[in-house]
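What follows is the residue order along each chain.
There are 2 protein chains.
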Amino acid sequence: MRTLLLLALGLSTLLSGLAQKPHRCKSPPYLEGKLTAIFPEGKTMVFEQFYYDAFEQRIRVIAAGQESNHSLHVDILMLFRERVYYEINYQNQSCVKMPLSAAFIPIEIPYDAQHNAQFVLGTLSAPGQGLLVNDWVGFIPEYQAKYSMSVTEFGCIPITFLYHIEKMGHVLSSFYDIVVGIENPEVFVPPAFCGSAKLVEQTDGKAADFFTALNSN
Amino acid sequence: MRTLLLLALGLSTLLSGLAQKPHRCKSPPYLEGKLTAIFPEGKTMVFEQFYYDAFEQRIRVIAAGQESNHSLHVDILMLFRERVYYEINYQNQSCVKMPLSAAFIPIEIPYDAQHNAQFVLGTLSAPGQGLLVNDWVGFIPEYQAKYSMSVTEFGCIPITFLYHIEKMGHVLSSFYDIVVGIENPEVFVPPAFCGSAKLVEQTDGKAADFFTALNSN
Chain A
1 MRTLLLLALG
11 LSTLLSGLAQ
21 KPHRCKSPPY
31 LEGKLTAIFP
41 EGKTMVFEQF
51 YYDAFEQRIR
61 VIAAGQESNH
71 SLHVDILMLF
81 RERVYYEINY
91 QNQSCVKMPL
101 SAAFIPIEIP
111 YDAQHNAQFV
121 LGTLSAPGQG
131 LLVNDWVGFI
141 PEYQAKYSMS
151 VTEFGCIPIT
161 FLYHIEKMGH
171 VLSSFYDIVV
181 GIENPEVFVP
191 PAFCGSAKLV
201 EQTDGKAADF
211 FTALNSN
Chain B
1 MRTLLLLALG
11 LSTLLSGLAQ
21 KPHRCKSPPY
31 LEGKLTAIFP
41 EGKTMVFEQF
51 YYDAFEQRIR
61 VIAAGQESNH
71 SLHVDILMLF
81 RERVYYEINY
91 QNQSCVKMPL
101 SAAFIPIEIP
111 YDAQHNAQFV
121 LGTLSAPGQG
131 LLVNDWVGFI
141 PEYQAKYSMS
151 VTEFGCIPIT
161 FLYHIEKMGH
171 VLSSFYDIVV
181 GIENPEVFVP
191 PAFCGSAKLV
201 EQTDGKAADF
211 FTALNSN
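Sequence order for the protein chains is A and B. Here the first sequence is numbered in full-length UniProt numbering, starting from 1 and rising by one per residue. Here the second sequence is numbered in full-length UniProt numbering, starting from 1 and rising by one per residue.
Bound-form chain A, shown alone (with noise of 0.2 Å):
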């Protein structure tokens, strides 16, 4: 009875050893949901509908919102295993194809992320009144963007993340109405019109990554 007490006792303090640290984690390989962005100091504010397919890599995003003096609309999909993506315009049917150069970023905490505080929105003290949430800070060398990413403790659900890269200026995107799962998964197939649009080069001859894609109109 003694020892296996004190075998309980070692293994729920090893458990609760283990699970105490807050650790890195990357979020369900589908998710589909909405986010507000902010860029640089405040000037463009766009509402985002996003769709997300790790496993296959592919992202829909279709934004509206105003920068500075004009309204935007962009409906993007991104296509990073063909490394193309299209400016999609139901409207005029009519469809751009560009060459997409950046790697798919998965949306997780990178390895070398540090941990900078676990938070609570709203309250633990009554069940379905409280989110618990880990925020990590870090740098991407690539973007020469440091940024901070507040995700749920469990499921590693998105909330905010924020950029502040080097050339943009801080990029503030808040996370909400998230499903895990892709309702729809036509959202990721070209539509027929696109089926005839030929590869746009870039002027500059660089193919875009993913920030400039996202922030091309």
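The hints are simulated quantities; they were obtained by calculation from the structure and are not laboratory data. Hints may be right or wrong, so weigh each one.
Cβ-Cβ distance ranges computed for the label pairs, FRET-style [stated by the list, open to error]:
#: 1; chain 1: B; residue 1: Gln-118; chain 2: A; residue 2: His-164; range: 23 to 33 Å
#: 2; chain 1: A; residue 1: Glu-108; chain 2: B; residue 2: Val-96; range: 46 to 56 Å
#: 3; chain 1: A; residue 1: Arg-83; chain 2: B; residue 2: Ser-125; range: 28 to 38 Å
#: 4; chain 1: A; residue 1: Thr-36; chain 2: B; residue 2: Phe-193; range: 45 to 55 Å
#: 5; chain 1: A; residue 1: Lys-146; chain 2: B; residue 2: Ala-126; range: 25 to 35 Å
#: 6; chain 1: A; residue 1: Glu-108; chain 2: B; residue 2: Asn-89; range: 42 to 52 Å
#: 7; chain 1: A; residue 1: Ala-192; chain 2: B; residue 2: Thr-36; range: 44 to 54 Å
#: 8; chain 1: B; residue 1: Asn-92; chain 2: A; residue 2: Gln-114; range: 30 to 40 Å
#: 9; chain 1: B; residue 1: Ser-101; chain 2: A; residue 2: Tyr-90; range: 56 to 66 Å
#: 10; chain 1: A; residue 1: Lys-167; chain 2: B; residue 2: Ser-101; range: 44 to 54 Å
#: 11; chain 1: B; residue 1: Gln-118; chain 2: A; residue 2: Phe-154; range: 15 to 25 Å
#: 12; chain 1: A; residue 1: Leu-72; chain 2: B; residue 2: Gln-118; range: 20 to 30 Å
Computed far set for chain B versus chain A, every beta-carbon distance over 10 Å [to be verified]:
#: 13; residue: Pro-29
#: 14; residue: Gln-49
#: 15; residue: Phe-55
#: 16; residue: Gln-57
#: 17; residue: Ala-63
#: 18; residue: Val-96
#: 19; residue: Glu-142
#: 20; residue: Phe-161
#: 21; residue: Val-179
#: 22; residue: Cys-194
As the structure is a computational prediction, the values presented were derived from the model and not from experiment. Glycine included, each C-beta is placed from N, C-alpha and C at the ideal position.
Following the hints, position chain B against chain A.
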């Protein structure tokens, strides 16, 4: 059997009709937690630990932050029933007692607020991974302030309050680590060295209201 079924159907329709529409709500009377507040146009950012007692109309705020080029530290105890507030300085063991004209405003959605949106932080796809939030908008004539208040659907716990005040600009408060209850009720009792503090009249003859008290240092 058929009558029972019809009754059940009717009842569930009635109840779902009642439950579907988000209701204006009042936060629990005892709260403590933290918030970050960003004052006019991002020039001032403060971290606050706050204690809130709606029964006896007392608020204690311990704030630290940065205002333009100097750092800021304030410890304020607001006793709305006694119409005074204390600025407490533990380091100097000194205390300033000032008149407080404002009526106590409980943390609640005002009766004339309009429901703006319901959204999920994180996801409802799995338990413990999401938080259902309602956003309400309105106008407070007293402060000439437009507001947007987000509180949890269950429990009416504050998440973010955004005010646009005519005289001050934007004030954005983001709440976190909220606990329902008060751990140490002595936070609402002025420390012993405040006993001798005499009431200091404001130079302009006006007693501070809630916002100017918080923004006085």
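Right, here's what the structure says about each hint:
1. Gln-118(B) <-> His-164(A): 23 to 33 Å: holds (31 Å)
2. Glu-108(A) <-> Val-96(B): 46 to 56 Å: holds (50 Å)
3. Arg-83(A) <-> Ser-125(B): 28 to 38 Å: holds (31 Å)
4. Thr-36(A) <-> Phe-193(B): 45 to 55 Å: holds (47 Å)
5. Lys-146(A) <-> Ala-126(B): 25 to 35 Å: holds (31 Å)
6. Glu-108(A) <-> Asn-89(B): 42 to 52 Å: holds (46 Å)
7. Ala-192(A) <-> Thr-36(B): 44 to 54 Å: holds (49 Å)
8. Asn-92(B) <-> Gln-114(A): 30 to 40 Å: holds (37 Å)
9. Ser-101(B) <-> Tyr-90(A): 56 to 66 Å: The hinted range 56 to 66 Å holds for Ser-101(B) and Tyr-90(A), with Cβ atoms some 57 Å apart.
10. Lys-167(A) <-> Ser-101(B): 44 to 54 Å: holds (50 Å)
11. Gln-118(B) <-> Phe-154(A): 15 to 25 Å: Between Gln-118(B) and Phe-154(A), where Cβ atoms are some 22 Å apart, the hint holds.
12. Leu-72(A) <-> Gln-118(B): 20 to 30 Å: With a Cβ separation near 26 Å, Leu-72(A) and Gln-118(B) satisfy 20 to 30 Å, so the hint holds.
13. Pro-29: holds (13 Å)
14. Gln-49: Answer for Gln-49(B): holds, closest chain A Cβ roughly 13 Å.
15. Phe-55: holds (17 Å)
16. Gln-57: holds (21 Å)
17. Ala-63: holds (17 Å)
18. Val-96: Check passes; 32 Å lies beyond 10 Å.
19. Glu-142: holds (28 Å)
20. Phe-161: Phe-161(B) is indeed farther than 10 Å from all Cβ atoms of chain A, at 14 Å.
21. Val-179: violated (6 Å)
22. Cys-194: holds (31 Å)
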